[in-house]
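**Q** What follows is the residue order along each chain.
Number of protein chains: 2
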Amino acid sequence: MKDKLQSPSMFIGVQGDDIISFGSGQPDLPPPERVFKILPKYRQFKYGLIPGQVNLRRALAKQYGAKADDFVVTNGASEALDLVFRAIGKPGDKILLHKPYYYSYPPLLEFNHLKAVCTETVKGKIDFRDFDEKVRGCKAVLINSPSNPTGRIQEVNTLKQIEKLCADLDITIISDEVYKDLIYERENYMLSGPHVVTINSFSKTYAMCGFRVGYLYSNDKEIVNKAIDIKTHSSMNTNILGQEMAYEATKVPEDYIKNQVAIWRERRDAICDGLERLGLELWRPEGAFYVLPKIKNPRDAVWNLFKKHKVITYLGEWFGAKERIRLSYALNVDKIEEGLNRIEKYLNQG
Amino acid sequence: MKDKLQSPSMFIGVQGDDIISFGSGQPDLPPPERVFKILPKYRQFKYGLIPGQVNLRRALAKQYGAKADDFVVTNGASEALDLVFRAIGKPGDKILLHKPYYYSYPPLLEFNHLKAVCTETVKGKIDFRDFDEKVRGCKAVLINSPSNPTGRIQEVNTLKQIEKLCADLDITIISDEVYKDLIYERENYMLSGPHVVTINSFSKTYAMCGFRVGYLYSNDKEIVNKAIDIKTHSSMNTNILGQEMAYEATKVPEDYIKNQVAIWRERRDAICDGLERLGLELWRPEGAFYVLPKIKNPRDAVWNLFKKHKVITYLGEWFGAKERIRLSYALNVDKIEEGLNRIEKYLNQG
Numbered sequence: 047m048k049d050k051l052q053s054p055s056m057f058i059g060v061q062g063d064d065i066i067s068f069g070s071g072q073p074d075l076p077p078p079e080r081v082f083k084i085l086p087k088y089r090q091f092k093y094g095l096i097p098g099q100v101n102l103r104r105a106l107a108k109q110y111g112a113k114a115d116d117f118v119v120t121n122g123a124s125e126a127l128d129l130v131f132r133a134i135g136k137p138g139d140k141i142l143l144h145k146p147y148y149y150s151y152p153p154l155l156e157f158n159h160l161k162a163v164c165t166e167t168v169k170g171k172i173d174f175r176d177f178d179e180k181v182r183g184c185k186a187v188l189i190n191s192p193s194n195p196t197g198r199i200q201e202v203n204t205l206k207q208i209e210k211l212c213a214d215l216d217i218t219i220i221s222d223e224v225y226k227d228l229i230y231e232r233e234n235y236m237l238s239g240p241h242v243v244t245i246n247s248f249s250k251t252y253a254m255c256g257f258r259v260g261y262l263y264s265n266d267k268e269i270v271n272k273a274i275d276i277k278t279h280s281s282m283n284t285n286i287l288g289q290e291m292a293y294e295a296t297k298v299p300e301d302y303i304k305n306q307v308a309i310w311r312e313r314r315d316a317i318c319d320g321l322e323r324l325g326l327e328l329w330r331p332e333g334a335f336y337v338l339p340k341i342k343n344p345r346d347a348v349w350n351l352f353k354k355h356k357v358i359t360y361l362g363e364w365f366g367a368k369e370r371i372r373l374s375y376a377l378n379v380d381k382i383e384e385g386l387n388r389i390e391k392y393l394n395q396g
Numbered sequence: 047m048k049d050k051l052q053s054p055s056m057f058i059g060v061q062g063d064d065i066i067s068f069g070s071g072q073p074d075l076p077p078p079e080r081v082f083k084i085l086p087k088y089r090q091f092k093y094g095l096i097p098g099q100v101n102l103r104r105a106l107a108k109q110y111g112a113k114a115d116d117f118v119v120t121n122g123a124s125e126a127l128d129l130v131f132r133a134i135g136k137p138g139d140k141i142l143l144h145k146p147y148y149y150s151y152p153p154l155l156e157f158n159h160l161k162a163v164c165t166e167t168v169k170g171k172i173d174f175r176d177f178d179e180k181v182r183g184c185k186a187v188l189i190n191s192p193s194n195p196t197g198r199i200q201e202v203n204t205l206k207q208i209e210k211l212c213a214d215l216d217i218t219i220i221s222d223e224v225y226k227d228l229i230y231e232r233e234n235y236m237l238s239g240p241h242v243v244t245i246n247s248f249s250k251t252y253a254m255c256g257f258r259v260g261y262l263y264s265n266d267k268e269i270v271n272k273a274i275d276i277k278t279h280s281s282m283n284t285n286i287l288g289q290e291m292a293y294e295a296t297k298v299p300e301d302y303i304k305n306q307v308a309i310w311r312e313r314r315d316a317i318c319d320g321l322e323r324l325g326l327e328l329w330r331p332e333g334a335f336y337v338l339p340k341i342k343n344p345r346d347a348v349w350n351l352f353k354k355h356k357v358i359t360y361l362g363e364w365f366g367a368k369e370r371i372r373l374s375y376a377l378n379v380d381k382i383e384e385g386l387n388r389i390e391k392y393l394n395q396g
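Taken in order, these protein sequences are the chains called A and B. Sequential numbering of the first sequence, starting at 47, is according to my numbering. Sequential numbering of the second sequence, starting at 47, is according to my numbering.
This is chain A alone, in the form it adopts within the complex (with noise of 0.2 angstroms):
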């Protein structure tokens, strides 16, 4: 039966008061209520324009300092990512990636018919020099910094080095920034450069999730331009109220995010003391809201957790780390307290 541990789609839809989901992240805050009242008198129906919303676009390009053109809005990250792979590779082309990596990255490179190459971490922080060992020979690498499944950043002083070799390289860079704006340490750093491809959503950030919207920003044009060519065939325009209720998002003010990072925060702590205290190894998560600790026997971890106490855990090994579990923190301290006392009952009982 353990052998159903082939992929999160296995926990998709398991839902029920008495589970504890440390599964899937997803944010059970709800969007600012302003994305939901444009929804009563909106009328539209027809196609949009496939690279977005005029008005989504140029409120993107206040926040990043550059023009509307540079952007497209996608069907979220996710499109977002698949459009700049199928812009930029051919098959058999490589791509690097940081090890533990974002369980949708390996498959989404296989459908591309391109190659993963992976440089490990020091405790989800990545090591330059392998990094630079690595990244000869491929045609991108893939950052992604507040990192889905370690929660940690990257050192600054490592991301401008990357920025650098990669510019020296002629290497794309791709930059999964979606947590960006859940950083609990410092500010986020954004990875620049001619072909550096900004990944950013409106999923985690305002919670819009169902809605998927995201975008892609680069001032490569030759990438914006052909990403826009592929989902003018492959999806078309992204879904128009959903674009128009990202919009309402790009308006609420500052506090909002800041707020949600207390929360956050709080919620971090109550997850990673409770674990620690447990005598779990973990590496103190620096943003997201995602934390990697070391189990014994994490397949064991997962069934036992979910079959005999309820509570849905992630397998490490989906996101390229063996030895560990994903666990999401995406829900209250009470609830985050009740998970805690049930892992303990396994660790005690199995």
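These are computed hints drawn from the structure, not numbers from a lab. Computed from a predicted model, the values in this text were never measured in an experiment. Heads up, a few of these hints could be off.
All copies of an identical chain are treated as equivalent in the list; a pair is satisfied when it fits inside any one copy or across any two copies.
[What the hints assert, rightly or not] In silico EDC-like cross-links for lysine to aspartate or glutamate, where the CA-CA straight-line distance does not exceed 16 angstroms:
hint	residue 1	residue 2
1	Lys-136	Glu-156
2	Lys-356	Glu-390
3	Lys-92	Asp-74
4	Lys-185	Glu-268
5	Lys-185	Asp-216
6	Lys-92	Glu-79
7	Lys-272	Glu-156
8	Lys-185	Glu-156
Given chain A, put chain B in place with the hints provided.
**A** Showing chain B alone in chain A's frame:
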């Protein structure tokens, strides 16, 4: 300047009260009102199931006499097609198209590293002998009846021959039936069989273009599961609110569709009679809302019609029909008549 006539995208976003557009394939009539009625109270925001919301897939299953699990709800028919190509094809595999074809087909194949093989048609109708010859060695065939850009439907007899031949040769049939509810001549004949994938959308029948809700339906479990697997990583769930709106559309009484067809038929007659009166040869559309008349110097025609007469038409070349231009008649009869007057002026004066 005429070199700019590279693709329909040059006309995207071009609008004005004085322009008559026979360009984009976009219904001018709004979606059924009930589609918007659910908006004021909508408050969902979480991830949906990757294959699509259960209520929508159940409603579709009822329509098709099938199981909900045989459907994958997608970002329009475009994503459905793309997913099927990705699910079934390895780089270099051949896919058979009938000419003239929808302009997205060749680039979609190219982005998926697949090769297009074409069978010529006679006045838009498949010549089964040529089909039989060309299909051998293909991984799949893509049938589009009613067709964009011809508006022609394939003969039931031909469709049955294709079903049998492809079943015998174990070749997948991808049937793009997005115009199936807009046939003037007879009921749609739905291609079926163990390896048939039906593609459809809410864009044409219900004018929901901008919301991008389409789907694929197949009894071939392997294709359906592979499509879900890819979508899990390439875009995740289709916009949950778009799906809820599509679900509302499935409740619209059948009369709605009948009334739509009556409107389209009147427009078809107006434009075809008019174009024939002007001496243009055409194949009378039997469905959809496109007509593909022959015209001298099509490139000059499209260019001058736009620049001098403010009439948008599409170049037949984009659809594999060099001697023709495509007109979409998704506009009211008054505008069609005005468009015809301007085309007459162009034919007389250039």
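**Q** Enumerate the violated hints, using their earlier numbering and listing them in ascending order.
**A** Checked against the structure, no hint fails, so every one of them is satisfied.
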